[in-house]
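Visitor: Single-letter residue listing:
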Amino acid sequence: MEVLLYSLRKLLAGIPLVLGVTLISFLLIVYFGPDKTYELVGKNPTAEQIAEVRSQLGYDRPFVTRYMEYLREIVTLDFGSSESTDEKVSSILARTIPVSLLLALPGFILGNALGVLLALVAAYFRGGLVDKLIMGSAAVGMSVSYLIAIIGFQILLSSADGLDLFPVRGWDTSTPLAYIQHVTVPTLATVFVALGYNTRFYRAVIVEEMTRDHVRTARAFGIPPAKIFYRNILKNSMVPIVTRVVFSIPLIVISGSLLLESYFGIPGIGKVSYDAIITGDQPVLKAVVALTAILFVVAQLLTDICYRLVDPRVSLGASTR
Amino acid sequence: MPAPLLEVNNLVVEFSTDAGVVRAVDDVSFSVAAGETVGLVGESGCGKTVTGLALLGLVPTPPGRLASGSIRLDGQELAGLDDSSWRSVRGRKVAMIFQEPMTALNPVFRIGNQMIDVLRQHQRITRRQARAAAIEMLAKVGIPAPDKRIQEYPHQLSGGMRQRVMIAMALSCSPRLLVADEPTTALDVTTQAQVLEQMVRLQQEFGMSMILITHDMGVVAQSCSKAMVMYSGRVVEQAPVTELFARPRHPYTGGLLASIPRIREQRIPELPVIEGTVPDPLNLPEGCRFADRCNKVRDYCRLAQPELKPIGRADSKVACYVPD
Ligand SMILES: Nc1ncnc2c1ncn2[C@@H]1O[C@H](COP(=O)(O)OP(=O)(O)OP(=O)(O)O)[C@@H](O)[C@H]1O
Ligand SMILES: [Mg+2]
Chain A
1 MEVLLYSLRK LLAGIPLVLG VTLISFLLIV YFGPDKTYEL VGKNPTAEQI
51 AEVRSQLGYD RPFVTRYMEY LREIVTLDFG SSESTDEKVS SILARTIPVS
101 LLLALPGFIL GNALGVLLAL VAAYFRGGLV DKLIMGSAAV GMSVSYLIAI
151 IGFQILLSSA DGLDLFPVRG WDTSTPLAYI QHVTVPTLAT VFVALGYNTR
201 FYRAVIVEEM TRDHVRTARA FGIPPAKIFY RNILKNSMVP IVTRVVFSIP
251 LIVISGSLLL ESYFGIPGIG KVSYDAIITG DQPVLKAVVA LTAILFVVAQ
301 LLTDICYRLV DPRVSLGAST R
Chain B
322 MPAPLLEVNN LVVEFSTDAG VVRAVDDVSF SVAAGETVGL VGESGCGKTV
372 TGLALLGLVP TPPGRLASGS IRLDGQELAG LDDSSWRSVR GRKVAMIFQE
422 PMTALNPVFR IGNQMIDVLR QHQRITRRQA RAAAIEMLAK VGIPAPDKRI
472 QEYPHQLSGG MRQRVMIAMA LSCSPRLLVA DEPTTALDVT TQAQVLEQMV
522 RLQQEFGMSM ILITHDMGVV AQSCSKAMVM YSGRVVEQAP VTELFARPRH
572 PYTGGLLASI PRIREQRIPE LPVIEGTVPD PLNLPEGCRF ADRCNKVRDY
622 CRLAQPELKP IGRADSKVAC YVPD
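Going down the list, the sequences are from chains A and B.
Numbered according to the numbering used here, the first sequence spans residues 1 to 321.
Numbered according to the numbering used here, the second sequence spans residues 322 to 645.
No lab work stands behind these hints, which were simulated from the structure alone.
All values derive from a computational prediction rather than experimental measurement.
It cannot be assumed that every hint is accurate.
One-sided and incomplete, this derived list gives chain A residues near chain B with beta-carbon spacing under 10 Å [unchecked claim]:
1) THR217
2) ARG219
3) PHE221
4) ILE223
5) LYS227
6) ASN232
7) MET238
8) ARG244
9) SER248
10) VAL310
11) ARG313
Where a beta carbon is used, it is the ideal one built from N, C-alpha and C, also for glycine.
Modelling step: build the complete structure from the supplied sequences, incorporating the hints.
Guide: See the structure below:
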């Protein structure tokens with residue numbers, strides 16, 4: 001009950017954020033985004049033709065009216081149809097978001113899980129050889145660009161010069177095997193570039209927790225290291241770790257990985273958003289912007305609830321200490 | 322006279338820093354008899370906490386290390402123990418209470434759980450028995466409604482209450498020696514007095530020895546039978562408290578005593594100010610480290626370090642060429 005009330009309050013408090021983000025984005029789309037008129041009118045249009053197309057697109061109406069309409073669309077979650085393909089925006093999202101999730105999730109999960117694991121090992125041996133080895137590798141991983149990692153794994157695993165195990169590009173989730181075949185190379189590339197950042201971040205978090213006073217107290221009372229590691233260090237590291245993980249979620253759901261999707265020709269949301277920006281497909285853009293903002297509010301809520309689960313000092317009640 | 326409970330000989334603790342090796346504790350020797358309370362005083366940074374930590378093998382390593390010396394507790398040599406042997410000493414034979422009660426407990430576990438962990442670490446008892454013992458200890462240190470308090474998280478308790486929990490935890494395994502590192506400095510004045518009184522009462526009840534690290538000479542006068550004064554990593558004077566107050570031998574001790582506030586409630590967070598500053602630990606003088614601040618300094622004081630030597634009839638020692 002407490003959680004429910006809190007969620008409601010938090011979601012209401014998120015409304016200004018959604019309003020602000022959508023207003024600014026919409027301003028940019030309308031006044032600085034590409035104009036679809038000239039794409040549609042054909043060659044040598046007359047002034048009347050231009051005016052007609054503009055009114056069809058709704059470009060001639062006042063900004064406020066159009067923004068109000070946008071808000072109505074957000075509330076009803078009905079953004080109309082794409083101006084490029086005439087497909088309903090809702091069906092585009094329903095088609096592409098699962099693809100992006102399936103593409104990004106394995107890399108995201110592995111990248112974070114391995115990051116925490118390596119960070120724990122590095123922190124445990126901090127200052128020692130193992131630590132230096134892990135952090136050195138992390139630095140190397142961080143300095144390799146995403147594209148290079150993708151191409152590298154592709155040559156290594158998908159080309160005739162390499163092991164030739166996986167398809168070069170494309171997407172197929174019809175069977176689990178097909179899915180694994182198509183997702184492996186993108187996942188490896190993602191993990192490769194994300195792991196360095198994740199390991200560094202998590203190591204910093206864990207090392208900070210290791211130097212806390214209560215860790216010294218536990219040691220002063222003869223508590224064994226394994227227990228201290230779990231109860232004093234890991235448990236207290238959960239707050240920053242959860243924050244980082246949850247706040248990455250909106251990005252995977254909505255922006256997907258543009259680079260992966262365009263490079264491998266995978267029909268995910270990243271590709272769709274990119275195309276919409278290039279062509280000025282306003283219904284799709286409006287949907288993507290609104291959804292991102294809403295997801296961030298939800299992510300914020302999720303992190304707060306996770307905080308409550310791991311940290312007794314956090315109260316979801318009205319009084320925030 | 323029976324052998325003392327704790328005997329520390331020529332203890333040296335070093336830290337390697339970027340600028341060089343710092344001797345935080347330099348050739349310190351002292352002993353603590355069973356049931357005795359020894360006060361350890363000295364300016365900030367003189368090595369009190371590090372001395373205390375060394376007694377529990379808790380000097381952070383790296384950068385620190387116990388460079389040499391011996392620590393005999395109850396007949397057992399502690400210097401050079403491996404980690405698992407240290408673990409059976411910590412909490413059971415010697416316990417430590419830290420200065421900062423606000424951060425000394427794990428914020429994400431109930432205090433009951435933390436106390437039960439400690440109890441079960443050192444005694445073969447069930448959770449239930451440990452819980453009962455924890456409640457009993459909390460009652461002993463003056464926490465009202467201990468059976469309710471035990472369910473709470475550290476942030477739900479005041480600073481004074483948390484320090485009492487720490488004391489309860491420290492006493493729960495009946496250690497032979499308690500190292501209390503400025504246990505009341507972070508508390509407000511009235512709580513300070515209460516917590517201190519409770520601690521001394523329990524220490525007597527348990528027949529425990531105690532090393533009380535403090536800034537407050539008043540506390541030393543009140544609770545300790547013997548006192549050690551440290552300066553720049555070395556013990557400069559060591560004497561029974563009555564003797565020390567009646568006749569401070571080292572000019573530094575004299576300076577400390579000269580400025581004790583007369584009124585009981587007027588406690589001071591820091592030691593009284595003596596003109597000048599402590600020498601840079603990376604750049605120590607050849608001779609007496611207090612020479613630059615001493616009003617009785619002679620030329621020969623700057624030539625070599627004075628040794629800690631017995632003086633007078635009482636069990637006093639002083640490291641000074643021109644003691645009072
Ligand atoms: N982790 C560390 N790394 C490097 N040097 C340290 C470390 N801990 C302590 N030292 C050195 O040891 C010296 C003594 O520190 P210590 O904490 O024992 O002082 P103290 O007498 O307890 O002071 P205070 O009254 O402020 O608590 C410091 O001046 C510092 O030079
Ligand atoms: Mg200290």
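Visitor: Hint by hint, note whether the structure agrees.
Guide: Evaluated hints:
1. THR217: This interface hint holds because 5 Å falls under the 10 Å limit.
2. ARG219: 6 Å, holds
3. PHE221: Holds - the Cβ of PHE221(A) comes within 10 Å of chain B, reaching about 4 Å at its closest.
4. ILE223: Holds - the Cβ of ILE223(A) comes within 10 Å of chain B, reaching about 6 Å at its closest.
5. LYS227: 7 Å, holds
6. ASN232: Nearest chain B Cβ about 5 Å off; hint holds.
7. MET238: Where the cut-off is 10 Å and the nearest Cβ of chain B is about 8 Å from MET238(A), the hint holds.
8. ARG244: This interface hint is violated because 18 Å lies over the 10 Å limit.
9. SER248: Violated. Min distance 24 Å.
10. VAL310: 7 Å, holds
11. ARG313: With a minimum Cβ separation of about 5 Å from chain B (threshold 10 Å), the hint on ARG313(A) holds.
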